[in-house]
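> Okay, here's what each chain looks like letter by letter:
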Amino acid sequence: MIWVTWRQHRVQALAMLGVFVIVAVYGLALGLWMRSAFDSRGLGPCLTSSGGADCGAAISSFARQVTGGATLPLTLVMFAIPPIIGAVVGAPLLGQELERGTWQLAWSQTVPRTRWLIVKLGLVIAGLAAFGAAVTGVMTWAWGPLDLIGIRLTPPPFNFEGVSLTCSVLCGFGLALLAGLLLRNTIGAMVAGYFAYDIPFVVSTLATGPLHLLTATTTVNCAGTACSAASTNSTPPVTGHLGDMVTSVTHAGQQLVVSYVPASDFWPLQFITGGIYLAFAVTAIGTAVWLLHRRTT
Amino acid sequence: MTHDVGSVPALRADRLGKRYGHAWGLRDCTFEVPPGSIVGLVGPNGAGKTTLLALTVGLLAPTEGQVAVFGERSRAQDAATLARVSYLAQDHPLYRGFTVADMFRFGRSLNPSWDAGLAQARMAALGIPLKRKVKSLSGGQQAQVALTMALAKRAPMLLLDEPVASLDPLARLDFMRDVLAASAESGLTVLIASHVIAELERLCDWLLVLNGGRLQLAGAVDDLLAGHAVLTVPRDAANRSLPGRVIERADSDRHAAVLVAAAPGLVATAAARPGWAAGPAGFEQLVLAYLRRAPVAAVHPGPVGTSGTAMAS
Numbered sequence: 009m010i011w012v013t014w015r016q017h018r019v020q021a022l023a024m025l026g027v028f029v030i031v032a033v034y035g036l037a038l039g040l041w042m043r044s045a046f047d048s049r050g051l052g053p054c055l056t057s058s059g060g061a062d063c064g065a066a067i068s069s070f071a072r073q074v075t076g077g078a079t080l081p082l083t084l085v086m087f088a089i090p091p092i093i094g095a096v097v098g099a100p101l102l103g104q105e106l107e108r109g110t111w112q113l114a115w116s117q118t119v120p121r122t123r124w125l126i127v128k129l130g131l132v133i134a135g136l137a138a139f140g141a142a143v144t145g146v147m148t149w150a151w152g153p154l155d156l157i158g159i160r161l162t163p164p165p166f167n168f169e170g171v172s173l174t175c176s177v178l179c180g181f182g183l184a185l186l187a188g189l190l191l192r193n194t195i196g197a198m199v200a201g202y203f204a205y206d207i208p209f210v211v212s213t214l215a216t217g218p219l220h221l222l223t224a225t226t227t228v229n230c231a232g233t234a235c236s237a238a239s240t241n242s243t244p245p246v247t248g249h250l251g252d253m254v255t256s257v258t259h260a261g262q263q264l265v266v267s268y269v270p271a272s273d274f275w276p277l278q279f280i281t282g283g284i285y286l287a288f289a290v291t292a293i294g295t296a297v298w299l300l301h302r303r304t305t
Numbered sequence: 004m005t006h007d008v009g010s011v012p013a014l015r016a017d018r019l020g021k022r023y024g025h026a027w028g029l030r031d032c033t034f035e036v037p038p039g040s041i042v043g044l045v046g047p048n049g050a051g052k053t054t055l056l057a058l059t060v061g062l063l064a065p066t067e068g069q070v071a072v073f074g075e076r077s078r079a080q081d082a083a084t085l086a087r088v089s090y091l092a093q094d095h096p097l098y099r100g101f102t103v104a105d106m107f108r109f110g111r112s113l114n115p116s117w118d119a120g121l122a123q124a125r126m127a128a129l130g131i132p133l134k135r136k137v138k139s140l141s142g143g144q145q146a147q148v149a150l151t152m153a154l155a156k157r158a159p160m161l162l163l164d165e166p167v168a169s170l171d172p173l174a175r176l177d178f179m180r181d182v183l184a185a186s187a188e189s190g191l192t193v194l195i196a197s198h199v200i201a202e203l204e205r206l207c208d209w210l211l212v213l214n215g216g217r218l219q220l221a222g223a224v225d226d227l228l229a230g231h232a233v234l235t236v237p238r239d240a241a242n243r244s245l246p247g248r249v250i251e252r253a254d255s256d257r258h259a260a261v262l263v264a265a266a267p268g269l270v271a272t273a274a275a276r277p278g279w280a281a282g283p284a285g286f287e288q289l290v291l292a293y294l295r296r297a298p299v300a301a302v303h304p305g306p307v308g309t310s311g312t313a314m315a316s
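Just so you know, the protein sequences line up as chains A and B, in that order.
Going by our numbering, the first sequence opens with residue 9, and the numbers climb by one from there.
Going by our numbering, the second sequence opens with residue 4, and the numbers climb by one from there.
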């Protein structure tokens, strides 16, 4: 079964390896470039000594330089890779067997079809998870300098750091797998899986973005012009802690009332977004296994 | 492979039925086939042939009744059922991007009893290189690769669904010759679903006729032929005056040719009447007669079975 799975998915595996190599080369170049821009401003020592309080200008100048066209491919990675990889790997797994009639060959050998599917799923999912983790690793490293000074609670970094990318790849895979079983057509299943992926994408983006599920509130003392000048996008944030995402600031005399998402909520938010993707993935894959199991009746 | 011919049938269906939604694909199907038979399975499209094969190999689960291979009931999702039966589906599906060697490795990976020597020897004998991709092979060669996979599985029962429908006449002959040789060599029981009646006549010693999901005729070909006769009778002879059951009747100006299912003795007696004559029924004539009449609900286990209604046309 291991050989069979490898033989049937090796083209996809090599394609994923190719995608990873491209991402890795780009990530390496981007990461090195970011590090040189970071170091040329002496940001490392400044952050260490002052915790960011004294390096506002350097941070802003660094951020302006590195968050432009050079990071556009990152956005493409985070938007395009999960549904495309998922569709390319997921759609043919059942869709092509049904489309070409080879299911009659595959399922009349001595391995019952449910075991055939579960072993295949186990191996393919392991491969996809490894791919997701590898891309996440490269991207997280490349984006590292920006994470030191900025916010990784919003896209682009939020969607390719942590567990988000890996879970969304599995989600795209599960949806295309189920589409293949229902449509019995590889291309149709790829298209259906690609567009169905929009649903978990929108749900998870809403849950971890505009809805601000984990917002905290704090008060910060201020004096004079500092009170009126305080805004949501100052560097470092008015909370005084790099990485916090300030969502609103209101004046109350000599105090600021600040609503914000603490930087430490990165992981809880990652688990929410990953959980949403995984819930869709598990539902779709579970439905496919169940439908295949009872197709005999 | 030896099986106790006396006691356990190679294939036995017992009131076997399969319903798809509201429609029955196969119903009330009861028959037995002895080991080592070459069984012809005939019927129009949608008659239930593929359903019967899929139930036997366990790709489908029956709605009612059961089918057993060498005494062991076929079950869906069951490795033991799959191991007893080799199934060559219609259009002999193969992975087009695989080489022949890949296909055999696929067979070896999924079948504990895989006979790699048999597979390689057959390819060598046929002159099909193992390195060739399946899609670069001719239709006849693809069918041979698929047959080889079915044989190398080393199951005692081989099911072939329209195995030669897409092949040219020469490839058909080669394919069927190989099926017969394999059956003779290893005592394989073979069930061939086919529309090509002439081919089945040449190959089969057992016959199953399905129509509208119902079994119309089942038995050893020799018994079936002996149990039917064509009577030429005066046109005014009523069906009830004829021996046995009337299967098909064709009236001309003065005479009627009637295919009857009747014991030879009864036929001989009838043929002795003045103006009456009897001749043997042909294989193709017999099959076509059973296919042409409206499907009969009850099963006729043999040529002169007493169950079921005589269909007078």
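Treat the hints as calculated values from the structure; they're not laboratory data.
A quick note: this is a predicted structure, and the numbers were derived from the prediction, not measured.
Be careful, since some hints might not be right.
What follows is a list of derived Cβ distance ranges for each label pair [claimed, not checked]:
1. B:S116 - A:V199: 37 to 43 Å
2. A:I30 - B:G190: 56 to 62 Å
3. A:A141 - B:G190: 32 to 38 Å
4. A:A134 - B:E188: 41 to 47 Å
5. B:D81 - A:L22: 34 to 40 Å
By construction, the Cβ of each residue, glycine as well, lies at the ideal position given by its N, Cα and C atoms.
> Of all the hints given earlier, name the ones this structure violates by number, lowest first.
3
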